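From first to last, the protein sequence lines stand for chains A and B.
The opening residue of the first sequence carries number 4 in the working numbering; numbering runs sequentially from there.
The opening residue of the second sequence carries number 4 in the working numbering; numbering runs sequentially from there.
By construction, these hints were calculated from the structure, which means they are not laboratory data.
Source: prediction; values computed, not measured.
Keep in mind that a hint or two might mislead.
Facing chain B, according to a computed beta carbon distance under 10 Å, are these residues of chain A, among others [to be verified]: (1) 27; (2) 35; (3) 39; (4) 47; (5) 79; (6) 82; (7) 103; (8) 104; (9) 124; (10) 125; (11) 217; (12) 219; (13) 220; (14) 238; (15) 239; (16) 334.
Each residue gets a CB set at the ideal place from its N, CA and C atoms; glycine is no exception.
There are 2 protein chains.
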Amino acid sequence: MEQSKIAEIVRNYRLTEGEYVMRPTMPALEDYTSYLRGIWDRRMLTNDAVLHQELELRLREYLGTEYLALLSNGTLALMIALRALNIDAGEVITTPFTFPATTHVLSWSGVTPVFCDVDPITFNIDATQIAGHISSRTKAILAVHVFGTPCDTAVIQAVADRYGLYVIYDAAHAFGVKYRGRSIVEYGDMAMLSFHATKVFSTIEGGALVCRTPAQNRRIKLLKDFGISAESEVIEPGINAKLDEFRAAFGLLNLPRIESEIASRKRISLIYRERLMGMPGLRFLPVLDEVEANFCYFPILVNNSEFGMTRDELNDLLRECNVMSRKYFCPLMSRVACYVALPSASPANLPRAEILSNQVLCLPIYGTLQVSTVHQVCDIIEAGYLCQRCR
Amino acid sequence: MEQSKIAEIVRNYRLTEGEYVMRPTMPALEDYTSYLRGIWDRRMLTNDAVLHQELELRLREYLGTEYLALLSNGTLALMIALRALNIDAGEVITTPFTFPATTHVLSWSGVTPVFCDVDPITFNIDATQIAGHISSRTKAILAVHVFGTPCDTAVIQAVADRYGLYVIYDAAHAFGVKYRGRSIVEYGDMAMLSFHATKVFSTIEGGALVCRTPAQNRRIKLLKDFGISAESEVIEPGINAKLDEFRAAFGLLNLPRIESEIASRKRISLIYRERLMGMPGLRFLPVLDEVEANFCYFPILVNNSEFGMTRDELNDLLRECNVMSRKYFCPLMSRVACYVALPSASPANLPRAEILSNQVLCLPIYGTLQVSTVHQVCDIIEAGYLCQRCR
Numbered sequence: 004m005e006q007s008k009i010a011e012i013v014r015n016y017r018l019t020e021g022e023y024v025m026r027p028t029m030p031a032l033e034d035y036t037s038y039l040r041g042i043w044d045r046r047m048l049t050n051d052a053v054l055h056q057e058l059e060l061r062l063r064e065y066l067g068t069e070y071l072a073l074l075s076n077g078t079l080a081l082m083i084a085l086r087a088l089n090i091d092a093g094e095v096i097t098t099p100f101t102f103p104a105t106t107h108v109l110s111w112s113g114v115t116p117v118f119c120d121v122d123p124i125t126f127n128i129d130a131t132q133i134a135g136h137i138s139s140r141t142k143a144i145l146a147v148h149v150f151g152t153p154c155d156t157a158v159i160q161a162v163a164d165r166y167g168l169y170v171i172y173d174a175a176h177a178f179g180v181k182y183r184g185r186s187i188v189e190y191g192d193m194a195m196l197s198f199h200a201t202k203v204f205s206t207i208e209g210g211a212l213v214c215r216t217p218a219q220n221r222r223i224k225l226l227k228d229f230g231i232s233a234e235s236e237v238i239e240p241g242i243n244a245k246l247d248e249f250r251a252a253f254g255l256l257n258l259p260r261i262e263s264e265i266a267s268r269k270r271i272s273l274i275y276r277e278r279l280m281g282m283p284g285l286r287f288l289p290v291l292d293e294v295e296a297n298f299c300y301f302p303i304l305v306n307n308s309e310f311g312m313t314r315d316e317l318n319d320l321l322r323e324c325n326v327m328s329r330k331y332f333c334p335l336m337s338r339v340a341c342y343v344a345l346p347s348a349s350p351a352n353l354p355r356a357e358i359l360s361n362q363v364l365c366l367p368i369y370g371t372l373q374v375s376t377v378h379q380v381c382d383i384i385e386a387g388y389l390c391q392r393c394r
Numbered sequence: 004m005e006q007s008k009i010a011e012i013v014r015n016y017r018l019t020e021g022e023y024v025m026r027p028t029m030p031a032l033e034d035y036t037s038y039l040r041g042i043w044d045r046r047m048l049t050n051d052a053v054l055h056q057e058l059e060l061r062l063r064e065y066l067g068t069e070y071l072a073l074l075s076n077g078t079l080a081l082m083i084a085l086r087a088l089n090i091d092a093g094e095v096i097t098t099p100f101t102f103p104a105t106t107h108v109l110s111w112s113g114v115t116p117v118f119c120d121v122d123p124i125t126f127n128i129d130a131t132q133i134a135g136h137i138s139s140r141t142k143a144i145l146a147v148h149v150f151g152t153p154c155d156t157a158v159i160q161a162v163a164d165r166y167g168l169y170v171i172y173d174a175a176h177a178f179g180v181k182y183r184g185r186s187i188v189e190y191g192d193m194a195m196l197s198f199h200a201t202k203v204f205s206t207i208e209g210g211a212l213v214c215r216t217p218a219q220n221r222r223i224k225l226l227k228d229f230g231i232s233a234e235s236e237v238i239e240p241g242i243n244a245k246l247d248e249f250r251a252a253f254g255l256l257n258l259p260r261i262e263s264e265i266a267s268r269k270r271i272s273l274i275y276r277e278r279l280m281g282m283p284g285l286r287f288l289p290v291l292d293e294v295e296a297n298f299c300y301f302p303i304l305v306n307n308s309e310f311g312m313t314r315d316e317l318n319d320l321l322r323e324c325n326v327m328s329r330k331y332f333c334p335l336m337s338r339v340a341c342y343v344a345l346p347s348a349s350p351a352n353l354p355r356a357e358i359l360s361n362q363v364l365c366l367p368i369y370g371t372l373q374v375s376t377v378h379q380v381c382d383i384i385e386a387g388y389l390c391q392r393c394r
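Input sequences plus hints: build the corresponding full structure.
Here it is in structure tokens:
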């Protein structure tokens, strides 16, 4: 786009303050301070104290699951999932279209990631291609419900059952999502949740691991607390992945507001769709029949030849206008230096992920985002589109 | 001891409320809430935000060190230290007399711990025995400044230099300690600090890693934040070991009070020494000339044949009296199931550590502990001692 055109759009549409793709939902400070008074009275700041116990209970209820362990973040939850399933070597089949944590935990755990291409509609791992990547070294499938859209859990489970593999879901984006009438965390052998500040449900930093058996749950609780089972008994090598009381309090106040948070996000999502739908060359995540979504991200795909601008050009324009859109997830993890030499990282193995990663752009969405700002973001995109069209 | 005697001591001396070995020092809630107001305004909850940056700066100043990275806990700090020094296989020489985290991080990192016996006076690794454990697989020495007492850093460094090994110090107990006029964190290639709730300086949960070069510091900061160096650049496999703003605020309020915290602990330590000194069979940590101590723990050694009670009997008596004394560190890590089969874990290799672990008992000590409570604890120990003597 010509510089003069960009300057005109910036002049007309630039936001006065920078707008991020997401901001955390804050409870009322007074409510938070009430919880702090209790913490100050008890002087128990961490180590499975009362607020931690209460939040674990409430989350089990809300998510409709029996075994859930709170952990200090989602990354450590995945590390502990691998350890709890005794996966410390061999290969795990995963998606390249994800946040770095998914792939890095495999590497930290001594496991080789094997990248499988994605489904172009859901952006998730293409379940039908997983079997083609299985070798004698394959231990598990680590799939991600990217942007909260459920993976094809039925096909993934069928493949896993047939080949005797574990299924671990990275559900970092999928808090509160339901699929076919069941909580998303009920699928697979284990499911990881992230409660980072930027997530739909947040505990400042934090996460959880959902599993299926009391034995798994006991082991996860050992692994997150140094493997200590009693004052003088250490069972196995564990680390410190404890969630503190300050984070638990934050979560306890956010949890009752989760439905309204999701409803606000849904409204924003609908505005984006209505405003942007008419522009050829933009594509959105599908609205799926059997999914209760959480609207955690609003990614768009920019098809250069139809839209008239590349994703990077649109991203630059938005940033010039003070909208901090994000190229989630670019680069693909298969393009990252430490993984690029893996045979499965070859772009020829991942043609759809390559296209997706070059077209995707995430727009601002969070519960307290002003509707007027959503329209401003759409105005900028529309102005860019029209400007290219009218040449 | 006879049950009737125990009952009499309990009747005379039992504390009305349970007393722990340590309780966290809390800043004033109003001061903490002031910091929270800033967090609520900025809505940046984590990821190297302003309070995090400020605490890192203040800690560098207070500790007199150039390169320090805040991390979410001491265990992850040690894991990142190993990774930053490319230690992911082979052997590391370490002490069995420590909290499980020290040994577990080696195991999690693919490294075999090699246990070396301890010095019976300082309870630290016996520096003169380290060379005898070096093999072609040895990568480093992981020594612990147990209970804040400095290791024999000169001999350790000389051995390391001679054999080309890294030296990593677990300084979890040693915040604020000075040795030979220098901050304790200035010794070795890297030093880990823990800021857990029970430490002299606390950030609820938290820790730090001190290193020597800008390149190491950059790498540590990459490793704690997913290996992400810029929005679209991922350098290497990193994890999430970020300290959040709520913890940074807690630390910022505790740091200016550290001198008074240490002074209070020193007073308590002196009372214990004065009261217990006259009882044969009890031994304490030495008061060392070149050490500015932090009085983080008050361990005593109970020699059964001289004192008339075993350590376990004294521990039971204290607990009957509502004093939650702790057997730090028992079991030795060489006695823990996952390490007991290692050749270096043989009790014959660790005779002094075995004795130490069977004799040690930690008494309550923390800044706000009442002097009257310290005397009550001493009364109980004295009553037990006299009761055995008068038989």
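Residue 334(A) as chain B interface residue, shortest Cβ-Cβ below 10 Å: Cβ of residue 334(A) sits 6 Å from chain B, so the hint holds.
Given hint residue 35(A) near chain B, where the shortest CB pair must fall under 10 Å: Hint on residue 35(A): holds, closest Cβ of chain B at ~7 Å, below 10 Å.
Restraint check, 10 Å cut-off on beta carbons, for residue 47(A) near chain B: OK, holds: residue 47(A) within 10 Å of chain B, min 8 Å.
Satisfaction of the residue 125(A) interface hint, Cβ to chain B closer than 10 Å: violated (23 Å)
When the least beta-carbon distance from residue 238(A) to chain B is tested against 10 Å, hint result: Hint holds; residue 238(A) Cβ to chain B Cβ min 7 Å, cut 10 Å.
Per-residue hint verdict: residue 124(A), partner chain B, C-beta under 10 Å: violated (25 Å)
Cut-off 10 Å, beta-carbon criterion: hint that residue 103(A) touches chain B: With a minimum Cβ separation of about 5 Å from chain B (threshold 10 Å), the hint on residue 103(A) holds.
Proposed interface contact between residue 239(A) and chain B, which counts if any beta carbon pair is under 10 Å: Constraint on residue 239(A) satisfied, holds at 5 Å.
Residue 217(A) as chain B interface residue, shortest Cβ-Cβ below 10 Å: violated (21 Å)
Given hint residue 82(A) near chain B, where the shortest CB pair must fall under 10 Å: holds (7 Å)
Restraint check, 10 Å cut-off on beta carbons, for residue 219(A) near chain B: Violated, about 19 Å.
Satisfaction of the residue 27(A) interface hint, Cβ to chain B closer than 10 Å: Since chain B brings a Cβ to about 6 Å from residue 27(A), closer than 10 Å, the hint holds.
Consistency with the previously given hints fails for numbers 9, 10, 11, 12, 13, ordered from lowest to highest.
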